[in-house]
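K.L.:
Chain by chain, the residues run as shown.
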Amino acid sequence: MLAPATETAHQVKPATPLFEARGLTLDYATERGPVRAVDAVDFTLAKGERLVLLGPSGCGKSSILKAAAGFIAPSAGTLTLRGRPITGPGPDRIVVFQEFDQLLPWKTVLDNVAFPLIATRRKKKDEAREIAAGALRRVGLERVLHSYPHTLSGGMKQRAAIARALAASPDVLLMDEPFAALDALTRLQMQRDLLDIARETGLTLLFVTHDIDEAVLIGTRLHLLSAHPGRTITTLDVSAFDMRDLGTAAFETVSRRVHAALFDKATAD
Amino acid sequence: MSDIPVFDAVSRDPAAATAAAPRWREGVRRLTRALWFRRLTVLVVLALGWELAARWQDNPILLPSFLEAFAAFREASLNEGLLAAAVASLAVLVKGYVAAIVIATVIVAFAVANGFVRDALQTVAAMLSPLPAIALLPLALLWFGLGQASLLFVLINAVVWPFALAALQGFEGVPETHRLVGRNYGLTGPAYVRQILIPSALPALISGMRVGWAFAWRTLIAAELVFGVSSSSGGLGWFIFRARNELYTDRVFAGLATVILIGLLVEAVAFRGLESATVRRWGMLR
Numbered sequence: 001m002l003a004p005a006t007e008t009a010h011q012v013k014p015a016t017p018l019f020e021a022r023g024l025t026l027d028y029a030t031e032r033g034p035v036r037a038v039d040a041v042d043f044t045l046a047k048g049e050r051l052v053l054l055g056p057s058g059c060g061k062s063s064i065l066k067a068a069a070g071f072i073a074p075s076a077g078t079l080t081l082r083g084r085p086i087t088g089p090g091p092d093r094i095v096v097f098q099e100f101d102q103l104l105p106w107k108t109v110l111d112n113v114a115f116p117l118i119a120t121r122r123k124k125k126d127e128a129r130e131i132a133a134g135a136l137r138r139v140g141l142e143r144v145l146h147s148y149p150h151t152l153s154g155g156m157k158q159r160a161a162i163a164r165a166l167a168a169s170p171d172v173l174l175m176d177e178p179f180a181a182l183d184a185l186t187r188l189q190m191q192r193d194l195l196d197i198a199r200e201t202g203l204t205l206l207f208v209t210h211d212i213d214e215a216v217l218i219g220t221r222l223h224l225l226s227a228h229p230g231r232t233i234t235t236l237d238v239s240a241f242d243m244r245d246l247g248t249a250a251f252e253t254v255s256r257r258v259h260a261a262l263f264d265k266a267t268a269d
Numbered sequence: 270m271s272d273i274p275v276f277d278a279v280s281r282d283p284a285a286a287t288a289a290a291p292r293w294r295e296g297v298r299r300l301t302r303a304l305w306f307r308r309l310t311v312l313v314v315l316a317l318g319w320e321l322a323a324r325w326q327d328n329p330i331l332l333p334s335f336l337e338a339f340a341a342f343r344e345a346s347l348n349e350g351l352l353a354a355a356v357a358s359l360a361v362l363v364k365g366y367v368a369a370i371v372i373a374t375v376i377v378a379f380a381v382a383n384g385f386v387r388d389a390l391q392t393v394a395a396m397l398s399p400l401p402a403i404a405l406l407p408l409a410l411l412w413f414g415l416g417q418a419s420l421l422f423v424l425i426n427a428v429v430w431p432f433a434l435a436a437l438q439g440f441e442g443v444p445e446t447h448r449l450v451g452r453n454y455g456l457t458g459p460a461y462v463r464q465i466l467i468p469s470a471l472p473a474l475i476s477g478m479r480v481g482w483a484f485a486w487r488t489l490i491a492a493e494l495v496f497g498v499s500s501s502s503g504g505l506g507w508f509i510f511r512a513r514n515e516l517y518t519d520r521v522f523a524g525l526a527t528v529i530l531i532g533l534l535v536e537a538v539a540f541r542g543l544e545s546a547t548v549r550r551w552g553m554l555r
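Residue numbers (my numbering), protein chains in the order written: chain A, 1 to 269; chain B, 270 to 555.
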């Protein structure tokens, strides 16, 4: 792929990656002993990069994201942010979940978005509200600032969750299939808006999905995983593609290549 | 273009002909649908039935009429210490209720943290739930004597177990996403409990408090029927018992009415109000 010069520069010379996984191995305890979900996965994430973890269900992509968020501890390998190992959850890595109930129902949309800033005592209440209002304006929700989440549609809830993540200005934004529960039209619009926001703010994104088109659209780089346990298949630079390329021949070719890489691996196992 | 006037003509014609009648009928229909109107109707019918039955029966010692009972209610409130009795009952109730909620909160905190305590709580609650708390009164009298301590003992027993169970269920039902969101922002310990767990479990907590309140009120009145001598003014139950002993049946009714009124008032104003200000407004309860 022909990537813009700036993008390749990051990858050729990753001086100190912002976020790094080395030999990441994750196990789940079950009644019949531990089950390996992820096996020795490596990846790095430079500032401003959008890395998409892509694979079939059972490839451990969500587990990797949970480990990156600090919700589960690796059984082997390391995760580092700015060179420091991750030991637990923290607001420097804000997660956008797939579930609509990630907005706290007892807070208005504005207070939900201001919540991480206030909870972490980084900002005073008024200042946090101002930042929150700005973030909500950015995602097009300025009309529902004082509504409670239960009055919002699914797409609006996910927008608010993205605004909440933006307001907290994390080092890395973690997204776990945030658009999977939306209808196709809303999903397309959300992908478009997320890309615009990412370009504008230069956010660093670790994005999990099982949707190949979405992965190619959103990511600057794909990290393909096989299932049971999750192992790296390959990585792929897709920074050249965005919404305008949807449906073009080049886009189709890449999608097919990704599909082949995932599918062949799955049958070979 | 041509079909628009046709639609207009069809829709306007019947409406114009009977414009006055439906508006009147619409008003009546809306009125009969209103909850307060239905409740009021039931009350009026009950009062009428009562009044008629009492007049037909014509024995005020067995069944005083509604108007007599109402007069007795006024008289007892003003001069016979009915209000003082109600206040005395409520004072004991609040004491026991608050103590019970505090005790239950401590138990639930341990139960949430520790699996053994959790199973123990469920076992004890399951044992005590078929047992009316008032059945413990004889034991309480034996242990604590005739006094407020015995009342508080049965009262606390009536509230602790149902509330603790409801609260435990509420905390265990907090969605995983809420927990993860809280942890994501680095919330731990008391801040996590206060800002995530309690609001998320609030529907269950309020419903537990409401059930606990209903149990407490019934248990207290029942206990006071057995004895109310300890405190100077007695309580509502004692007021009812004394009135019956002196064959002031109209005052018995006045006492019963007070029990009902206070019960309804707390339910409709305190709990309903708390719900509409919180969980209903947040869409956590329909």
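Hints are supplied without guarantee of correctness; some may be wrong.
Cβ pair distances, simulated, as ranges [as the list claims (entries may be wrong)]:
1) A368(B) / K47(A): 55 to 63 Å
2) N383(B) / G202(A): 26 to 34 Å
3) L309(B) / T120(A): 48 to 56 Å
4) A537(B) / D126(A): 51 to 59 Å
5) G296(B) / L185(A): 57 to 65 Å
6) L530(B) / G88(A): 48 to 56 Å
7) A395(B) / H228(A): 54 to 62 Å
According to the in silico footprint, chain B covers these stretches of chain A (three or more CB under 8 Å from chain B) [claimed, not checked]:
8) 54-63
9) 89-95
10) 125-135
Everything labelled a hint here was simulated from the structure, so no lab data went into it.
Cβ coordinates follow ideal geometry from the N, Cα and C atoms, glycine included.
K.L.:
Taking the hints in turn, state whether each one holds.
P.N.:
Comparing the hints with the structure gives:
1. Our hint of 55 to 63 Å for A368(B) and K47(A) holds, since their Cβ atoms are close to 57 Å apart.
2. At about 47 Å, the beta-carbon gap between N383(B) and G202(A) misses the expected band of 26 to 34 Å.
3. At about 53 Å, the beta-carbon gap between L309(B) and T120(A) stays in the expected band of 48 to 56 Å.
4. Hint check: A537(B) to D126(A), Cβ distance near 38 Å, so the stated range 51 to 59 Å is violated.
5. Judged by the Cβ atoms, the range 57 to 65 Å given for G296(B) and L185(A) is violated: they are separated by roughly 44 Å.
6. Between L530(B) and G88(A) the Cβ separation comes to about 54 Å, which falls inside the hinted range of 48 to 56 Å.
7. Judged by the Cβ atoms, the range 54 to 62 Å given for A395(B) and H228(A) is violated: they are separated by roughly 42 Å.
8. With 0 residues carrying a beta carbon less than 8 Å from a beta carbon of chain B, the stretch 54-63 of chain A misses the three-residue requirement, and the given coverage is violated.
9. Counting residues of the stretch 89-95 of chain A whose beta carbon lies closer than 8 Å to any beta carbon of chain B gives 6, which reaches the threshold of three, so the coverage claim holds.
10. For the stretch 125-135 of chain A, the proposed coverage by chain B is not satisfied: 0 residues have a C-beta within less than 8 Å of a C-beta in that chain, short of the threshold of three.
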